[in-house]
Every structure is written in C-alpha cells, then in structure tokens.
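> Each chain is listed here by its residues.
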Amino acid sequence: MDGFTCNLKTYRVLKGMTQGELADIVGVRRETIMRLEKAQYNPSLKLAVDISRAVEAPIEAIFVFD
Amino acid sequence: MDTQKKAASKFPRWAALTLGGAACAALTAAAAWYDLTYNGGKLVYPIHSYAFAPTDIPMLLAVGLDVLYALYLAFLLVRGIRAQKEHTAKTGRTRRLSPKLGFLGFCGFLGFAGFWTYGAMGDLTGFMFFAFFGFFGFFFEGKMSNTLMDERYKENAVRAELKALRIGFGIIFFLLLFAGQARRLTAELVAPILIAGIALTVALTIFLSEYLLYRYDHDDAAAMEEDG
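Here the protein sequences come in this chain order: A and B.
Under my numbering, residue 68 is the last one in the first sequence; the count climbs by one each step, no gaps.
Under my numbering, residue 243 is the last one in the second sequence; the count climbs by one each step, no gaps.
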C-alpha cells in the first residue's frame with residue numbers, strides 16, 4: 003500500500019505478544035494482524051484504536067502515513 | 016446413551032436419508048408396476064376425472080410416502096439454514112460447510128435438458144437449471160467455513176460481491192444487446208438464448224462472489240494489484 007508504513011510488529015514484540023494473542027484481544031483473525039504488519043491492509047479507525055490500546059502505543063507511532 | 020451414540024455414528028444421517036429416498040423410489044416403481052399390471056395404468060397415464068377404487072391404494076400410499084419424504088427433506092433444510100444463521104449471529108463466524116458441497120455444481124449440466132424440453136414441449140424451464148453451476152462456489156465457501164468475519168473479511172466480501180455483480184450485469188447487458196440487434200434470430204431462438212444466458216450469468220455471479228472472496232482473503236497483494 004503506497005505511503006503507508008506499519009510499525010505494529012515492533013510494538014507487539016515489545017509487549018511480548020504473539021500475532022494470535024493480539025488478534026484475540028482486538029477481535030480479528032491472525033491473518034489480519036499479519037497483513038497489517040506487512041502494511042497490506044488499511045485498518046478502520048476502531049481497529050487502529052483497539053490495537054493502539056492493546057500494545058499501549060500511540061496510533062501515529064504504529065501507523066505512519068507519508 | 017453411549018450405545019445410541021455409537022449406533023448413530025455407525026449409521027450417519029446422510030446414509031439414512033439416501034436409503035429412505037431409495038426406498039421411496041423403489042416403492043413408487045413397484046406401485047407403478049402394480050398399477051400398470053392390475054389397474055390398467057389408471058394412475059400412471061393422464062386422467063380427466065378420478066373415482067376411487069381399492070386397487071388404487073398401493074399407488075396412493077407410495078405417492079403419500081414420497082410427499083412425506085419430500086416434506087421431511089424440506090423441514091431438515093429449513094432447520095439447517097436456521098441453525099447456521101443462529102451460529103453466524105452468535106459467533107460472528109461464517110456458516111459451516113463442507114467444500115464437497117461444491118460437487119452440487121455438476122447439477123448445472125441439467126440445464127442441457129432444456130434443449131430437449133424446449134424441442135419436445137416448448138418448455139423453457141429446463142434452461143434455468145444452468146444456474147446450478149453456481150453451486151461450484153460452495154467449494155470456496157467451504158474452504159472458508161467457520162471463519163471469523165472480522166472487518167477485513169467483510170470488506171473483502173463486499174468487494175468480491177461488487178466485482179461479481181459488475182461482471183454479471185456487463186454480460187447480461189451485452190447479451191440483451193446481442194439478442195436485440197441480431198435480426199436473423201426469431202423469437203423462438205431469442206427466448207432460449209436469453210433464459211440460458213441469464214441462468215449461466217447468475218451461476219457465474221454466484222461462483223465469482225465466493226471465488227473472489229477466497230482469493231482476496233488469501234492473496235491480498237494480487238487483489239490490490241488487480242484493482243489498481
């Protein structure tokens with residue numbers, strides 16, 4: 003996806019979470035987290051907020067739009 | 016209780032249903048033979064008025080059994096659909112289906128019966144069976160059986176359905192244009208072409224919406240390239 007960088011993997015690993023655990027917390031599939039980390043999927047605002055709360059990091063640090 | 020469960024697992028429902036259907040068909044065939052042999056084929060050939068006779072009983076019983084069997088199948092179908100809907104609403108997951116149901120798509124070949132029914136009786140209904148080719152979509156729906164419907168799934172489902180419908184409407188538009196422009200075609204030819212063409216387009220649309228959903232869900236990168 004053009005102009006979109008995702009730092010989710012960094013913050014998730016810092017929290018010691020697996021993709022599956024994070025997926026369960028925010029109510030999506032593990033594949034969705036996987037694609038998010040590869041910046042292949044643009045999440046909804048709700049999912050972005052849920053992820054931000056789950057990994058305890060600001061949204062703008064996790065999802066960086068050029 | 017355990018014995019009952021063991022007996023049930025040894026004799027699954029699909030086998031019982033198949034046996035029941037075969038028994039109904041065998042009884043109907045036997046009743047038809049009896050009617051032709053001992054009742055002058057009264058209930059086999061078309062009749063204009065009916066008066067009951069005791070020799071009609073075997074055929075009436077067989078037909079009654081067929082109706083009960085069909086009603087039971089309809090009841091099972093409705094109950095199954097309701098259970099799947101409840102499962103989806105409760106768990107937020109897709110319905111549980113076996114990919115083997117995709118084999119039902121072969122029922123689409125029944126559409127070729129339309130050539131026979133149209134030629135012999137002028138009946139176009141047979142061509143509509145081409146729509147059953149759409150059941151091949153169960154193969155891909157079954158592959159995504161019991162999948163959590165998260166926002167990415169829902170987005171992909173909408174995208175797949177939209178693309179399938181766009182293709183379907185495009186084909187129908189050109190089909191209508193062709194049928195309207197081809198002056199050499201008579202009404203006798205236009206009708207089956209349109210019915211068969213629309214049935215095949217419906218099948219393609221049903222199949223494509225499931226196939227594209229599966230592809231988008233498992234191959235997002237390719238899908239994004241394709242959509243530009």
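Read the hints as simulated data drawn from the structure, not as lab findings.
Every residue gets a Cβ at the ideal spot worked out from N, C-alpha and C, and that includes glycine.
Among the hints, a few may not be true.
[What the hints assert, rightly or not] Pairs of lysine-lysine, DSSO-like flavour, derived with a Cα cap of 27 angstroms:
id: 1; chain 1: A; residue 1: 40; chain 2: B; residue 2: 105
id: 2; chain 1: B; residue 1: 57; chain 2: A; residue 2: 48
id: 3; chain 1: B; residue 1: 105; chain 2: B; residue 2: 57
[As the list claims (entries may be wrong)] If the Cβ cut is set under 7 angstroms, some of the chain B residues that face chain A in the computed set are:
id: 4; residue: 71
id: 5; residue: 164
id: 6; residue: 165
id: 7; residue: 167
> Now, for every hint given, state plainly whether the structure supports it.
A quick look at each hint next to the structure:
| no. | hint | result |
| --- | --- | --- |
| 1 | A/40 with B/105 | 31 angstroms, violated |
| 2 | B/57 with A/48 | 71 angstroms, violated |
| 3 | B/105 with B/57 | 54 angstroms, violated |
| 4 | 71 | 61 angstroms, violated |
| 5 | 164 | 9 angstroms, violated |
| 6 | 165 | 4 angstroms, holds |
| 7 | 167 | 5 angstroms, holds |
Checked against the numbered hints listed earlier, the structure breaks hints 1, 2, 3, 4, 5; every other hint is satisfied.
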